[in-house]
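Number of protein chains: 2
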Amino acid sequence: MTPYYAVIFTSILYTTTKGYEKMAQQMEELAKKQSGFLGISSARNDIGITVSYWNNEQAILDWKANVDHQLAQKLGREKWYASYKIEIARVERTYEFSKKIKAL
Amino acid sequence: MTPYYAVIFTSILYTTTKGYEKMAQQMEELAKKQSGFLGISSARNDIGITVSYWNNEQAILDWKANVDHQLAQKLGREKWYASYKIEIARVERTYEFSKKIKAL
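Sequences listed follow chains A and B, in order.
Mapped onto the working numbering, the consecutive letters of the first sequence carry residue numbers 73 to 176.
Mapped onto the working numbering, the consecutive letters of the second sequence carry residue numbers 73 to 176.
In case anyone wonders, no lab produced these hints; they're calculated from the structure.
Hints may be right or wrong, so weigh each one.
One copy or any two copies: either way a pair holds, since identical chains are not told apart in the list.
Heads up, simulated BS3-like pairs for lysine-lysine below, C-alpha to C-alpha not over 30 Å straight-line [to be verified]:
(1) Lys151 to Lys104
(2) Lys171 to Lys94
(3) Lys146 to Lys136
(4) Lys171 to Lys146
(5) Lys90 to Lys151
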């Protein structure tokens with residue numbers, strides 16, 4: 073399956089608001105409809121890390137340019153994020169472990 | 073600074089135990105002493121995502137082979153992890169945003 077692409081989005085919020093959570097959920101639903109989307113994982117406590125997975129770099133550029141996503145990015149910078157970092161990475165190798173009780 | 077390497081470690085625990093947290097902290101301290109280590113970010117709620125950053129692939133292989141880390145990996149598979157996935161990725165582009173109030 074490799075190589076594929078990962079977008080690592082690391083963020084710090086001012087506060088977690090209802091508005092933010094709703095928008096994050098909407099964006100996840102929208103990303104899933106994009107061509108080339110492979111999957112997404114998120115976790116948050118002090119910082120948030122969201123990793124989205126894509127078939128190729130063009131799919132990432134298309135998602136970045138999506139009009140509704142552009143608006144969400146603008147709102148995020150104005151209202152919710154103290155800071156964030158986005159890293160575009162080419163996944164070259166993977167390892168998996170599972171006790172086959174509960175899958176990732 | 074690109075290209076550099078990211079190890080994306082996504083995991084599901086049976087339960088969060090004191091033993092796990094202590095080991096995770098020890099491994100983070102140990103990783104920081106490795107040659108080629110650049111940084112680490114972690115977040116956990118339902119799933120855990122830890123991204124560690126490295127200068128090159130050799131640094132990642134050296135860390136994987138570290139004897140204390142090998143023991144921690146073994147304990148993790150036996151005691152703490154229901155499942156995990158490790159992805160080795162080459163970071164090619166980055167974007168950053170900050171309101172310069174609280175840095176990542």
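Against the structure, the hints:
In this homomeric assembly, Lys151 and Lys104 come within 30 Å of each other (Cα to Cα) only inside a single copy, at 24 Å, whereas the closest approach across copies is 34 Å. For the identical chains of this complex, Lys171 and Lys94 are inter-copy neighbours only, at 22 Å across copies versus 34 Å inside a copy, given an alpha-carbon limit of 30 Å. Only within a single protomer do Lys146 and Lys136 lie at most 30 Å apart by alpha-carbon distance; the minimum there is 12 Å, versus 40 Å between protomers. For the homomeric pair Lys171 and Lys146, the shortest alpha-carbon distance between copies (13 Å) is at most 30 Å, but the shortest distance inside one copy (42 Å) is not.
Taking the closest pair of Cα atoms, Lys90 and Lys151 come within 30 Å of each other only inside a single copy of the chain (12 Å); across copies the shortest separation is 36 Å, beyond that limit.
Of the numbered hints stated above, none is contradicted by the structure.
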